[in-house]
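Here's the letter readout for the chains.
Number of protein chains: 2
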Amino acid sequence: MGVHRCWGCGSQNEHGLQIKSYWEGDEGVCVWRPQPYHHAWPGIVNGGILAAIIDCHCICTAIAAAYRAAHREITEPPLIAMVTAELRISYLRPTPIAELLHLRAMMCEQTERKAILTCTLSALGEVCVRAEAVIVRPRASPGAGM
Amino acid sequence: MGVHRCWGCGSQNEHGLQIKSYWEGDEGVCVWRPQPYHHAWPGIVNGGILAAIIDCHCICTAIAAAYRAAHREITEPPLIAMVTAELRISYLRPTPIAELLHLRAMMCEQTERKAILTCTLSALGEVCVRAEAVIVRPRASPGAGM
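Keeping their order, the protein sequence lines are chains W and H. Going left to right, the first sequence walks through residues 0 to 145 as numbering that gives the first Met the number 0 numbers them. Going left to right, the second sequence walks through residues 0 to 145 as numbering that gives the first Met the number 0 numbers them.
Because the hints were derived from the structure by calculation, they are not lab data. Glycine residues also receive a C-beta, built at the ideal position from the N, C-alpha and C atoms. One or more of the hints may lead you astray.
Stated by the list, open to error - Ranges of calculated distance between the beta carbons of each label pair, as one might list FRET restraints:
1. 10/H with 73/W: 36 to 44 Å
2. 75/H with 74/W: 54 to 62 Å
3. 14/W with 21/H: 20 to 28 Å
4. 10/H with 87/W: 25 to 33 Å
5. 32/H with 74/W: 28 to 36 Å
6. 77/H with 97/W: 52 to 60 Å
7. 22/W with 10/H: 37 to 45 Å
Just chain W, with the same shape it has in the complex (with noise of 0.2 Å):
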């Protein structure tokens, strides 16, 4: 899944967070570990780089379904772009900076141009953050011209 040059899942923006999103079964997971000068306070990851890793992952999930839907290969062209409308996020718990981060996105709804999509991220086995994201399908693709 992904844009190559996104400074969230870009595997080519080497500035970027390069998060890896994948389907298992019918959800989006990705695992993370973040760096040691992501943090808020001591041990405790910045939950502004957490806001962003959950946003990513959440696009690249409703893409992929996108393209699932579809029947199509999401690296077969016409590129499907997708972003952002709503973000709300709750903060559970701190979330530690030295653990591994598994985020699991679900869609709850779909239709061709809107995804409605949940999202955890957990550490240690305890969910830390929930999310729940509104991803739409621009008329005009935002990627013309990649």
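Guided by the hints, dock chain H onto chain W, whose structure is given.
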């Protein structure tokens, strides 16, 4: 405002975003220039990093408001620490990457333990993102040992 090593606002985090928040009357303001690699699509800022700077700016504003309500200087110990409980973001239009971004946060509700803020992020005079944040003061300071 801010904590020295926080990835969002820490002046001593060389890998961080180093946002700076100030009072302008009763509004917390912040001006930030994205780097070229902070894109989602060509010319458009990644929504996740926008969530990150909004989150950190709202926390900084809430902490500054708490010091102000206590008639204390921000540098005066003991530290007042606050964390995000809820963040709701509406992406209204694409945010251009080549422009200065202007954030304005307003306190809507303030008690000793909780603050609710609205925040806008604008470029070229147009609001691109609108957000609401619920910021809380944990009973045990996450900054212990900083």
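We went through each hint and held it up to the structure:
One distance hint, 36 to 44 Å for the beta-carbon pair residue 10/H and residue 73/W, holds here, with the actual separation near 41 Å. Between residue 75/H and residue 74/W the C-beta distance comes to about 57 Å, which sits within the given range of 54 to 62 Å. Restraint check, residue 14/W to residue 21/H: a C-beta distance of roughly 27 Å satisfies the suggested window 20 to 28 Å. Between residue 10/H and residue 87/W the Cβ separation comes to about 30 Å, which falls inside the hinted range of 25 to 33 Å.
At roughly 34 Å, the beta carbons of residue 32/H and residue 74/W sit within the given window of 28 to 36 Å. A hinted range of 52 to 60 Å is violated for the C-beta pair residue 77/H and residue 97/W, which are about 26 Å apart. A beta carbon spacing of about 41 Å between residue 22/W and residue 10/H agrees with the range 37 to 45 Å that was offered as a hint.
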